[in-house]
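Those sequence lines, one after another, are chains A and B.
Taking the numbering used here, the leading residue of the first sequence gets 1, the next gets one more, and so forth.
Taking the numbering used here, the leading residue of the second sequence gets 397, the next gets one more, and so forth.
Do not take every clue at face value.
[Unchecked claim] Within a straight-line C-alpha distance of at most 27 Å, the following computed BS3-like cross-link-like pairs (lysine-lysine) qualify:
#, chain 1, residue 1, chain 2, residue 2
1, A, Lys122, A, Lys20
2, B, Lys447, A, Lys156
3, B, Lys447, A, Lys188
4, A, Lys3, A, Lys213
5, B, Lys447, A, Lys20
6, A, Lys3, A, Lys20
7, A, Lys188, A, Lys20
8, A, Lys122, A, Lys278
9, A, Lys188, A, Lys213
[Unchecked claim] Among chain B residues calculated to face chain A with C-beta under 10 Å, some are:
#, residue
10, Ala575
11, Phe576
12, His582
13, Gly765
To be clear, the hints were calculated from the coordinates, so they are not data collected in a lab.
Ideal Cβ placement from N, Cα and C applies to all residues, glycine included.
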Amino acid sequence: MIKRVEINYRGIFQKTLAKKIGGDIVMVASRMGQVGFSNGRYSDSPERNGIPCKYFAFVSPDLSEEELEAECGAKLDIDEANISVVLDDTMVKGVEPWGWHGIRPINEKVVEGGYLLVVSRKQPEELLQWIGRKPYDYHLAILPGDASFAGLWVYKDDLTHERVLGAIAALDPSLISLEAVEAYLRDKMHEPARAEAARQAHDEVRQRVRVVKAGEGRRWPYAIPELPKWNEFAEGVVVRAVPRHFEIGPRGQSRNEQFKRFTTRTQRPVVRFDLCTKCMLCWYDCPDECFDPTPDGLFDVNYEYCVGCGRCAQVCPVKECIVMVDELRFEDNSSPWEFYRRDPQGYIRWAEEKKGNERIVYPFVTGTGVATVPGEHVPEGQKTVVKKQDKLEVSL
Amino acid sequence: MTLTQPAPVYVREDLLTGCQAVAHGVRLADVDVVSAYPIRPYTEVMDALSKMIADGELDAEYIIADSEHSQFEIVKHASSVGARAFAGSSGTGWMYGFEALVVTATDRLPVLFLVGNRALDDPGAFGVEHNDALALRDMGWLLFWVTTPQEALEHVLIGYRIAEDPRVRMPVALAMDGAFLTHSQHLVRIPSPEAVRRFLPPYDLGDRRLHPDNPISIAPQANEDWVMELRRQNWEAARRARQVITQAYEEFRAIFGDRYTPPYYFDEFLTEDAEVVLIGLGTVASPGRTAARRLRQQGHKVGYVNLRWFRPFPTVELRECLRRFKAVGVIDRDFAHGSPDDGGALLHEIRSCLYPARERPAIVNFISGLGGRDISIADCIRMFELTERAAREEALDGFVTWIGVRE
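Extracted from the complex, chain A is given alone in its bound form (with noise of 0.2 Å):
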């Protein structure tokens, strides 16, 4: 018998948090008895700021490990989950890793009964208007929690690996039990509060296990690409380039059908476009080209290619004109541009109520991890320039 976990994991932010909960699921489960061994899926870039990644962990009761190698070692990805961790909640919208493999749904490989685990603070009907039905009963797991993201190479030490750890502990005792987890965070850290953090986890989790039943979900919008044949494409590594179009309004640049990006997004940038001086600023910076130039001079956002960098929202020198807000409260990438020239009011209204109260701040560089400001509801056509400094993180 042989049990996998996939742990989905946002790129470079969460790639040491990935690799220590995969290793230390191996680590647990020896000291059961078992053998086990670890690995990321090789294909991904996860230096890349934000994309979906995946670590694993393969565990068996009663193979040698080196069978259990032959089966799950040499392989790019896995077919199936017993268990599928998400570490950022909004990647319940789809997962495109790096380069041809489509957007793909996030409980794609848990099995029959499996467990899809997500590190959370919203209900799981929430999460499952986004996540692809299967034709077969699984579950949903709960988290409570925020994502843990840390900076370009550290790791925030903030005790999600830990209640992961407890977390599984609660869906499959078998796997890890809760015991075994204590017990090797006890020895390991000589720390208490790591082996009471993962006992709370697990405890929690207990409370918010849903069974999704076969069908329950969103019909997977997005095809699968099929990859052609050695004699389909151009000799010499040769890759045709997008045909070239230009024309002023939404969508109006050509772009790259086969790999839009927006699964990379945690946060998106919400424009008021009734505050906005057409400085030119977020058009200029943005380093995926989202914005489109509209007929009226202002900047429409591509949200199909917009990875969320937050980049547009730094530059941006008006108070409250482009603020980054979480993905999980937006239905689609419909053109934001539209929306506003359809109803300016309306637009306005809407835009307010998705950006809230506050103002999430990511301090990606040193890794201090989400800190929340104030915001403030700016009346309409109220432009006040302010001057940002141009430093990529607060310290709180």
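Let chain A serve as the given structure and place chain B on it in line with the hints.
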């Protein structure tokens, strides 16, 4: 009479990737000079070593080079002044340093290099292919593959032991499959420094050591009056290496136990009464052996040979081994375009090795797992089936089949 318990040879168990296991081998070998330049999948070993040095676990000079060429030159020079030296690379980075790799061999400097096997760009790809390491095959290097992190750690020690032996003094390349081994975390038993000291003597280049007290020149321009004789010397060293390899493994067994058994150059699995075997380099051994075990349960007389040493090639031992079978399937995780029968590099070595045998098995070749494509148990079962057909049908002898390509 005093009864003293010998110190345990293994002190602890840790979860390590292949690269981290190599770093532990380098730490235990008490290497003096490390030179580093990043390229995936090799990079993880330089990360692990820099951490060990920062944590005070390893006392070594750590020199970041400006390219692989400089990186390899630095360790070559370090080795010539008597420092035990380590470097490594992958794929195109390895190829960029090739001029330095060649002179390290002709100067007979026993440096150990890690080759984290990676596809040669283009197209840019991180996954395993063996052409990077195989490019060494005619250059006077020792070259072997390992299949687990445990073997990786131990073969750093075995590698230095053989390379630095005064009868050999050749550089050694430890090759391991990128991703599937370099980046896979497994439980590894870590030997004690005392046990390692018993196995691996200090590096001593003798009167070839470059030092003010021992004034010498290394590698002046020599031209046609000298080159052929020097090549003949290098050949002799490669011949002597064969005896030293056997001796080193025997010494290793005496201290660390029987993980490796004669003839050491390769491992045989379920071959005793086998009629058909597959042979390959690297991690394909796990699906290969698992496929053999499953086919045995259905009554097929199949086995697997895991070839560890590629240079020196175990000519006599492998000829004796493979001539017993009706058919041999050679798995190449490499390409040799335009070569005889358009087969892979390992095919040519094995066919050449078997040619002098009076009765030869049929030989078929599989090109598989290129650029990090996975080789599954089902793929290996298919290779066994094709090799079994070759044992029955004359016409299939010499066939080259691509396994796992989209067609």
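Comparing the hints with the structure gives:
1. A:Lys122 x A:Lys20: 25 Å, holds
2. B:Lys447 x A:Lys156: Satisfied, since the Cα-Cα distance of roughly 18 Å is no more than 27 Å.
3. B:Lys447 x A:Lys188: 19 Å, holds
4. A:Lys3 x A:Lys213: 22 Å, holds
5. B:Lys447 x A:Lys20: 17 Å, holds
6. A:Lys3 x A:Lys20: 18 Å, holds
7. A:Lys188 x A:Lys20: It holds: about 13 Å lies between the C-alpha atoms, which stays within 27 Å.
8. A:Lys122 x A:Lys278: Violated: Lys122 of chain A and Lys278 of chain A sit about 36 Å apart, past 27 Å.
9. A:Lys188 x A:Lys213: 40 Å, violated
10. Ala575: At about 4 Å, which falls below the 10 Å cut-off, the nearest Cβ of chain A leaves the hint on Ala575 of chain B intact, so it holds.
11. Phe576: 5 Å, holds
12. His582: Because about 5 Å separates His582 of chain B from the closest Cβ in chain A, which is inside the 10 Å limit, the hint holds.
13. Gly765: Holds, about 8 Å.
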